[in-house]
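Work out the full structure, taking the sequences as your base and the hints as a guide.
Quick note: the sequence shown, position 109, residue 275 per the numbering used here, numbers continuous.
Just so you know, these hints were derived from the structure itself, not from any lab. Cβ coordinates follow ideal geometry from the N, Cα and C atoms, glycine included. Any given hint might turn out to be false.
Claimed, not checked - Calculated pairs, SDA-like style, for lysine to any residue (alpha carbon to alpha carbon, straight line, at most 25 Å):
| id | residue 1 | residue 2 |
| --- | --- | --- |
| 1 | K208 | E251 |
| 2 | K307 | R369 |
| 3 | K307 | V290 |
| 4 | K208 | Y220 |
| 5 | K307 | H253 |
| 6 | K357 | S393 |
| 7 | K357 | A311 |
Unchecked claim - If you anchor each label on the Cβ, the simulated ranges turn out as follows:
| id | residue 1 | residue 2 | range |
| --- | --- | --- | --- |
| 8 | R391 | P297 | 28 to 38 Å |
| 9 | L375 | R232 | 22 to 32 Å |
| 10 | S320 | E240 | 41 to 51 Å |
| 11 | E227 | G345 | 12 to 22 Å |
| 12 | E296 | S393 | 40 to 50 Å |
| 13 | A252 | L375 | 46 to 56 Å |
| 14 | S393 | P298 | 46 to 56 Å |
| 15 | A397 | E296 | 31 to 41 Å |
| 16 | D334 | L294 | 15 to 25 Å |
| 17 | L305 | A225 | 38 to 48 Å |
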Amino acid sequence: MTVQQIATRTLTHWKVLLLVLGLGLTGSLAASGLGHLFEQIKIRQVVLDGTLNYLDQRALEEQLTRQFSGSYLETVLPQVVSSVEAHPWIADASVRRVWPDTLVVEIIEQRPVAIYNDTLYLGVSGDLFEPPTPVDEPLPKLYGALSETMQVYSHFGVFSDRLSDIADVESVSRGVDLGWQITLANGVRLKLGRTDILGRLARARDVLLSLEAETLANLRGVDARYSNGVALDVEAPK
167 MTVQQIATRT LTHWKVLLLV LGLGLTGSLA ASGLGHLFEQ IKIRQVVLDG TLNYLDQRAL
227 EEQLTRQFSG SYLETVLPQV VSSVEAHPWI ADASVRRVWP DTLVVEIIEQ RPVAIYNDTL
287 YLGVSGDLFE PPTPVDEPLP KLYGALSETM QVYSHFGVFS DRLSDIADVE SVSRGVDLGW
347 QITLANGVRL KLGRTDILGR LARARDVLLS LEAETLANLR GVDARYSNGV ALDVEAPK
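Okay, here's the thing in structure tokens:
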């Protein structure tokens, strides 16, 4: 059932309720009768409102409906939110009651932008999460301390922009020595060290652009951790 259908049914139920009250029920009778009626109302369905790319909406709605099938009025909404947000693929959630028997949960799904330390995923909001199954799509691989996720991702963006005319950046690593290393899609590794990162990256880029096609095809690495030059690791042609 869509949110629009729920809204239509909600309006119908309220019209019926107002009609009953308008037929002459006294305040005390209405209070006791409706109070008893409300106590009997159970949640019959949980409806998700949001764009889902990785989750099965129907399966999750059925799961939540089973989990929160108690009293319509006594269900603690913050507990519903906490339970929904505990799912690794849910970045944010809010919930509201819709008369007479529905909970509508608005959710924002995680959107992974990179794989972090091989097992975690970095969401666009900066959250790290671990889904039950791997994501079947190409994502850059980032490595570094958990406290530096956004710094590593920010450097990935800069490196990708500066090297876009050479090759895609496949991975970025911030080592325990705080040195930066880049792996390109063609297999070439760039070592930049800890200081003057952009200057060293510029020198490495200039060298890459100046290499002949045969040399570039056999290039395995560029070590730019020098003050005024770079060292090339070139595999001998077979």
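Hint-by-hint comparison with the structure:
For the proposed pair K208 and E251, the alpha carbon gap of about 23 Å is at most 25 Å, so the pair holds. Between K307 and R369, the direct Cα distance comes to roughly 24 Å. Compliance with the 25 Å bound is thereby established for this hinted pair. Distance restraint check for K307 and V290: the Cα-Cα separation of roughly 14 Å lies within the 25 Å cut-off, and the hinted pair is therefore satisfied. Restraint check for K208 and Y220: not satisfied, since their Cα atoms lie roughly 30 Å apart, outside the 25 Å limit.
Of the pairs offered as hints, the one joining K307 and H253 holds, with about 23 Å between alpha carbons and a cut-off of 25 Å not exceeded. Of the pairs offered as hints, the one joining K357 and S393 holds, with about 13 Å between alpha carbons and a cut-off of 25 Å not exceeded. In summary, the hint linking K357 to A311 is supported, as the alpha carbons are separated by about 18 Å, within the 25 Å threshold. Remark: the range hint 28 to 38 Å for R391 to P297 is upheld by a beta-carbon distance near 36 Å.
Separated by about 60 Å at the C-beta atoms, L375 and R232 break the suggested range of 22 to 32 Å. The supplied range of 41 to 51 Å is met by S320 and E240, whose beta-carbon atoms lie about 46 Å from each other. Judged by the Cβ atoms, the range 12 to 22 Å given for E227 and G345 is violated: they are separated by roughly 48 Å. For the pair E296 and S393, the supplied restraint of 40 to 50 Å holds, since their beta-carbon distance comes to about 42 Å.
A beta carbon spacing of about 49 Å between A252 and L375 agrees with the range 46 to 56 Å that was offered as a hint. Checking the proposed 46 to 56 Å range against S393 and P298 shows it holds: the Cβ atoms sit about 48 Å from each other. About 38 Å separates the C-beta atoms of A397 and E296, a value consistent with the hinted range of 31 to 41 Å. The hinted window of 15 to 25 Å between D334 and L294 holds, with their beta carbons roughly 23 Å apart.
At roughly 24 Å, the beta-carbon separation of L305 and A225 lies outside the given 38 to 48 Å, and the hint is violated.
Checked against the numbered hints given earlier, the structure breaks hints 4, 9, 11, 17 and satisfies all the rest.
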